[in-house]
Amino acid sequence: MKATLDHLIAPLVRGNPVTLHILGICSALAVTTSLSTALTMSAALTFVLIPSSVAISAIRHHIPTSIRLIVQITIIASFVIVMDMFLKAFAFEMSKTLSVFVGLIVTNCLVLGRAEAFARHQPVWPSFLDALGNGLGYSLVLVIVGTIRELLGTGGLLGMPVLPLVENGGWFQPLSLMQLAPSAFFIVGFLVWVMRIWRTDQIEAPEFRILNKDEVGRQ
Amino acid sequence: MANLNPFVWWKRFLALPNDNLTKTFAFAFLVALIASVFVSLSAVLLKPYYEANLKAERQEQMARMVSLLPGMADLLAEAGTDGLDVQIIDLKTGAFVPGIDPAEFDQRAAAKDPKTSTTLLSEVDVAGIKQRADFAPVYILRRKGVLELVVLPVRGVGYQSMLYAYLALKPDGITIAGLTVFEHGETPGIGARVENPDWRALWPGKLLADENGDIRISVVRGQATNPYEVDGISGATRTGNGVTNMLQFWLGNDGFGPFLDRLRAGGV
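Protein chains in written order, with my numbering: chain A, 4 to 222; chain B, 18 to 285.
It is possible that part of the hints are untrue.
If we take Cβ atoms under 10 angstroms as the criterion, some of the chain B residues that face chain A in the derived model are [stated by the list, open to error]:
id : residue
1  : 29
2  : 30
3  : 35
4  : 36
5  : 40
6  : 44
7  : 45
8  : 52
9  : 58
10 : 59
11 : 60
12 : 66
13 : 174
Derived Cβ-Cβ restraints for the label pairs, each shown as a range [to be verified]:
id : chain 1 : residue 1 : chain 2 : residue 2 : range
14 : B       : 215       : A       : 99        : 26 to 32 angstroms
15 : A       : 162       : B       : 126       : 37 to 43 angstroms
16 : B       : 71        : A       : 170       : 52 to 58 angstroms
No wet-lab data here; the hints were simulated from the structure. Owing to the predicted nature of the structure, the values given are computational and were not obtained by experimental measurement. Yeah, the Cβ is synthetic: ideal placement off N, Cα and C, and Gly gets one too.
Model the full assembly from the supplied sequences, consistent with the hints where possible.
Right, dumping it as structure tokens:
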């Protein structure tokens, strides 16, 4: 039982798909200018990830090896299209803000990554938990990044003023850099760094070694 | 003898090895079929919601555009309506013209272009506008789906300038709900009082035509004596005459007359 639950808990922080596997970075940069878009994107991704993982897991014994990826992408894409239409029907304003990024969940490495790495080999129930855990882990990072960016970039959260702005006589000068994509790189990078200080086993071995001055030219 | 039981066939199909060519093709076909049915089904089910959203958005844009029109915001606030619709009509027939985006239609530009306008003969051109666009926007306001107001854009020469105004009518097509002159160059302090709220307040409830359908509305000198008359502005007789002429023209057959006939017949 504990092992099953671990599928759910592990990806939340320890094996977080964004900070450990560096998956789903594209949308983490694009939709985190405000907390509300980050929340909607998180929900959209989670609700795509769960049914696709479950569906792929359910037919895992019969997926023909030669068209494995195509089958997985077809299933994921169907759920993404439906999710996109669902947002357009019931959260129209939000779907305009997220625009193309909901459609791009298809290419979000996180979804295909979990299908390939997990759901393809595991029974339905663990796949469901794994998808839920990864969805929530992704959401956690998006919410952190979205909160920092909106708070420091606009002085508010969810559109509500939190910090007193200079233009209203307060002391807080919004950092417009936070509303630009590079700030998300900084924050995600910072999160990865914090994670690896805490869990040193996640530090990858360097692929290259920088030569000393006296070693140069000898090889 | 071949077994025709589909379950047996299905089991035999699933038992095929995963790299079998037949199974690969059949599997691809099945996945594609199920996925497309799923997507099309949701598309059909969710389409009405999406279209309602699109329509609401378009209406909101229109409302924003209209509320930016000077003077219109006051009319809307007074009427307190929720649904607003802009339609383009053909002045000759009074019928709605589909296929023209009201947001794109510029009545003043259309009036200058000979292709989209009609030159008025001097005997019908009581308002002194010379060229009249063939199409005109009308603003239709509904409250809870019930026709509440019809707002017509009108213009005409006053004492020394062109007056631009909105005339708001009740759904009966006879009773005036308001007149707002939003653009003019009349003498400050005299003719310019056409935009005075006190004078504007005289208009609601006035009748523009009598039982025979004759256009009777006019701005008179001094005090009004019947529901077809509006008090004049002292010192601004010619501006008042300009307003009278403007309404005479735009409510007549060369203006919104055909449209008003439709409105009175309940065809809007």
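The hints, checked one at a time:
{"no.": "1", "hint": "29", "verdict": "violated (13 angstroms)"}
{"no.": "2", "hint": "30", "verdict": "holds (9 angstroms)"}
{"no.": "3", "hint": "35", "verdict": "holds (5 angstroms)"}
{"no.": "4", "hint": "36", "verdict": "holds (5 angstroms)"}
{"no.": "5", "hint": "40", "verdict": "holds (6 angstroms)"}
{"no.": "6", "hint": "44", "verdict": "holds (5 angstroms)"}
{"no.": "7", "hint": "45", "verdict": "holds (6 angstroms)"}
{"no.": "8", "hint": "52", "verdict": "holds (4 angstroms)"}
{"no.": "9", "hint": "58", "verdict": "holds (9 angstroms)"}
{"no.": "10", "hint": "59", "verdict": "holds (4 angstroms)"}
{"no.": "11", "hint": "60", "verdict": "holds (6 angstroms)"}
{"no.": "12", "hint": "66", "verdict": "holds (4 angstroms)"}
{"no.": "13", "hint": "174", "verdict": "violated (45 angstroms)"}
{"no.": "14", "hint": "215/B - 99/A: 26 to 32 angstroms", "verdict": "violated (44 angstroms)"}
{"no.": "15", "hint": "162/A - 126/B: 37 to 43 angstroms", "verdict": "holds (39 angstroms)"}
{"no.": "16", "hint": "71/B - 170/A: 52 to 58 angstroms", "verdict": "violated (35 angstroms)"}
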